[in-house]
Amino acid sequence: MLKEEKPIYLQIEDYVCEQILSGKWPQGERLCSVRELATQVEVNPNTVQRAYTELSDKQVIENKRGIGFYVTANAIELIREEHRQYLLSHTLPSVLKKAKLLNISKEEIMTIYQNIEN
Amino acid sequence: MIQLKNVTFRYPRRKPLFSDLSLELEGNHIYGLLGKNGEGKTTLMKLMSGLLFAKEGSIETLGEKACLRRPKMLEEIYFLPEEMYVPSISIQEFETIFSPFYPRFSSEQFHNYMELFEITDFRQNLMRMSHGQKKKVLIAFAMATNCQIVFMDEPSNGLDIPSKSIFRKVMASAADEQRMIIISTHQVRDLHSLIDTILILDQGEILLNAPVEQITEKLLFKVVDTEGEAQTALYKEDTLRGIYAVFENINREDSKMDIELLFNSALCNRDKIKEIFSLQK
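Same order as they appear, the protein sequences are chains P and F. Residue numbers for the first sequence follow the numbering used here, beginning at 1 and rising by one. Residue numbers for the second sequence follow the numbering used here, beginning at 1 and rising by one.
Excised from the complex, chain P in its bound form (with noise of 0.2 Å):
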């Protein structure tokens, strides 16, 4: 069962982009039917379709006609530079933003990025 607190076919969409960033669904595979999928999760098939139809905009999976979803060839770059971009859009942002209100120094956040590349 699927928890957060996102819409439901974007839970589906990150839980897609992590089953191939673990390499657990390879580039060039294919992947399960909408199908199966929706039964695996426990939700409506037609909320997989608008996650599938999404990542094939996003050309992280594509639709072959007729057999079903594959993994294109560069899946894995698209989806680290998504989430590159959202870190730096969204989650960085307001991270800093708090770090600022609790009156937390460059030095000190430097620090620990610093301490984090070691």
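I should point out that these hints are in silico values taken from the structure, not numbers from a laboratory. It is possible that some hints are incorrect.
As the list claims (entries may be wrong) - Each computed DSSO-like pair below joins lysine-lysine, with the alpha-carbon atoms no more than 30 Å apart:
id, chain 1, residue 1, chain 2, residue 2
1, F, K222, P, K98
2, P, K6, F, K222
3, P, K6, F, K36
4, P, K6, F, K256
5, P, K97, F, K256
6, F, K222, P, K100
7, P, K6, F, K169
8, P, K98, F, K256
9, F, K169, P, K24
10, P, K58, F, K222
11, P, K64, F, K169
12, F, K256, P, K58
13, P, K58, F, K218
14, F, K164, P, K6
15, F, K134, F, K218
16, F, K218, P, K6
17, F, K274, P, K6
18, P, K6, F, K272
Stated by the list, open to error - Here are the simulated distance ranges between beta carbons:
id, chain 1, residue 1, chain 2, residue 2, range
19, P, K58, F, E24, 29 to 37 Å
20, P, E36, F, N269, 37 to 45 Å
21, P, N74, F, E229, 38 to 46 Å
Given the structure is predicted, the values throughout are model-derived calculations rather than measurements. Note that the Cβ used here is the ideal one computed from N, Cα and C, for glycine as well.
Following the hints, position chain F against chain P.
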């Protein structure tokens, strides 16, 4: 697939339940029929399936007048009532006797669904099974009929926790292009991931008939921190996470629909909800 025009209905010696009710249901949706107790959810489904007759107006189901109960219509609809009557026969006999009424019944599907529900002994007498077990058999049977329309009245009532999950799996795998499923329910948490179109029945009228996609386009479900932010909310509830509120979705933000919150919003703001959703048509 189902058309109600200006339907009036009342039970004898009671005030009218519906007067001048019109409603159209189309397509391969899983409808969630919501409404308070006594608003007529079961009655509405019985009218659609020809189990009750309207006093005035017309009801057409699959192109046939529902009240005529023509075999052509009956072989394409299945009604799973909340309180099930089952004869004193085995599951096997039940299948043998009742499946011939449904031309596209699949014995293979029936057995697959039953296996998912972990009912393997087909010699059991249906009448002696518990409420939950009977329900599983009839859910499996209903989906195996491959009828174009399946009505389910409170299907998840009486199912134990693992069975609710299996129920969702069965429904997700059985829903397809040619099938409409209408589920009346109070157990919205059991079914929110399956339902793709919401019907709210209130005070004898259809307050809302909209696909989830359209609902989240027009309404925003959001947790906010302060009363000030919730000022423009249509409806709000205090929760541990903050104020859970429903707004008009002016900036087209994505959010996850919460059926309970939607239901309460609709009942508290009948006119506003009608206004928001009528602009579309």
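Fill in: Numbers of the earlier hints that this structure fails to satisfy, in rising order
Hint check: 15 fails alone, others pass.
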